[in-house]
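Peer 1: Per my numbering, the sequence shown starts with residue 19, numbered consecutively.
It should be emphasised that the hints constitute simulated quantities derived from the structure, not laboratory data.
Beta carbons are placed, not taken as given, at the ideal position from N, Cα and C, and that holds for glycine.
Where hints are given, some of them may not hold.
[Said to hold, decoys possible] Listed next, with one range per pair, are the computed distances between beta-carbon atoms: (1) 145 / 84: 19 to 27 Å; (2) 198 / 52: 19 to 27 Å; (3) 244 / 186: 18 to 26 Å; (4) 44 / 241: 19 to 27 Å; (5) 115 / 34: 33 to 41 Å; (6) 92 / 137: 21 to 29 Å; (7) 51 / 30: 32 to 40 Å; (8) 242 / 56: 20 to 28 Å; (9) 88 / 186: 25 to 33 Å; (10) 30 / 108: 19 to 27 Å.
[To be verified] With a cut-off of at most 25 Å between alpha-carbon atoms, the simulated DSS-like pairs for lysine-lysine come out as follows: (11) 220 / 94; (12) 69 / 139; (13) 247 / 69; (14) 139 / 125; (15) 220 / 139; (16) 247 / 125.
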Amino acid sequence: MTDEPTSAPQSVMPYVLPMAGFLAITTLEGYLPLVAGRPNPTWYPILYAVKVVAVSALVWACRSTWRDLAPRPGIKSLALAIVVGLAIAALWVGLDGYYPELPFLGKRTSFDPGVLSPAAKWGFIAVRMLGLVVLVPLIEELFWRSFLMRWVIENDFDRVPVGRVTPLAAAVTSACFGLAHPEWLPGVLTGLAWAWLLHATKNLSACVVSHAVANLALGLYVIATGDWKYW
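Make a model of the complete structure from these sequences and hints.
Peer 2: See below:
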């Protein structure tokens, strides 16, 4: 009798390191000194910029995982990804206030860049959107719906093709994805939507595009309305 095969650490770490780095620096943001009960207008933008640079370096160092993004999505998959992304952005805004908060999930920083000078404000917004639209979709889709989705199916996840989805894997990854956000209910529903998109398209890049569209739409909503609680 032999033990069930498992993936070697060198196969797992490229998926985990960028996500771990992002979460570690995000945790540090919560320890910055407050000014009048709000995020420090000097240190928070600096730390966020450091996070973008540091995590970008980790993403580049772990670029072996980018093979999972092939092939490029076709027109139909791309159109579906965009529609799902826009629907998800609407879901996050539309469900606001209609579900209970879970205190153990914490809260967002909700930094208002309006306290900065105009140049600093738009500089921060540019960096924030870069992280939101480019960096986060890439690291999260590679972690949640490439690595974890396949790992739930089989510990030796390299044997599972990218794009395979089972009901259990969809449920586990969606629950974990939701609980990684203060907005847990839209988070769970979003995880299920992207699991369905992955199943429908068999294309991880379609999920990255959909994630980027959702974050871009939500970011533009935040900028237009000044509803900084989503940041």
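Peer 1: Decide, hint by hint, whether the structure agrees.
Peer 2: Hints versus structure:
1. Our hint of 19 to 27 Å for residue 145 and residue 84 holds, since their Cβ atoms are close to 23 Å apart.
2. In this structure the hint that residue 198 and residue 52 lie 19 to 27 Å apart at CB holds, the actual value being about 24 Å.
3. Distance hint check for residue 244 and residue 186: the Cβ-Cβ separation is about 41 Å, which falls outside the suggested range of 18 to 26 Å.
4. A C-beta distance of roughly 21 Å is found between residue 44 and residue 241, which places it inside the suggested range of 19 to 27 Å.
5. Range check, residue 115 to residue 34: Cβ separation about 34 Å, and the 33 to 41 Å hint holds.
6. A hinted range of 21 to 29 Å is violated for the C-beta pair residue 92 and residue 137, which are about 42 Å apart.
7. Between residue 51 and residue 30 the CB atoms are about 36 Å apart, so this pair conforms to the stated range of 32 to 40 Å.
8. Checked against the given bound of 20 to 28 Å, the beta carbons of residue 242 and residue 56, roughly 21 Å apart, stay inside it.
9. The hint said 25 to 33 Å for the Cβ distance between residue 88 and residue 186, and at roughly 26 Å that hint holds.
10. Distance hint check for residue 30 and residue 108: the Cβ-Cβ separation is about 35 Å, which falls outside the suggested range of 19 to 27 Å.
11. Pair hint residue 220 plus residue 94 holds up; C-alpha atoms about 12 Å apart against a cutoff of 25 Å.
12. A threshold of 25 Å between alpha carbons decides the hint, and for residue 69 with residue 139 the separation of about 17 Å falls inside it, so the pair holds.
13. Pair hint residue 247 plus residue 69 holds up; C-alpha atoms about 20 Å apart against a cutoff of 25 Å.
14. Between residue 139 and residue 125 the CA atoms are separated by roughly 22 Å; this keeps the pair inside 25 Å, and the hint holds.
15. Between residue 220 and residue 139, the direct Cα distance comes to roughly 40 Å. Violation of the 25 Å bound is thereby established for this hinted pair.
16. For a cut-off of 25 Å, the pair hint linking residue 247 to residue 125 stands: about 9 Å separates their Cα positions.
Checked against the numbered hints above, the structure violates hints 3, 6, 10, 15; every other hint is satisfied.
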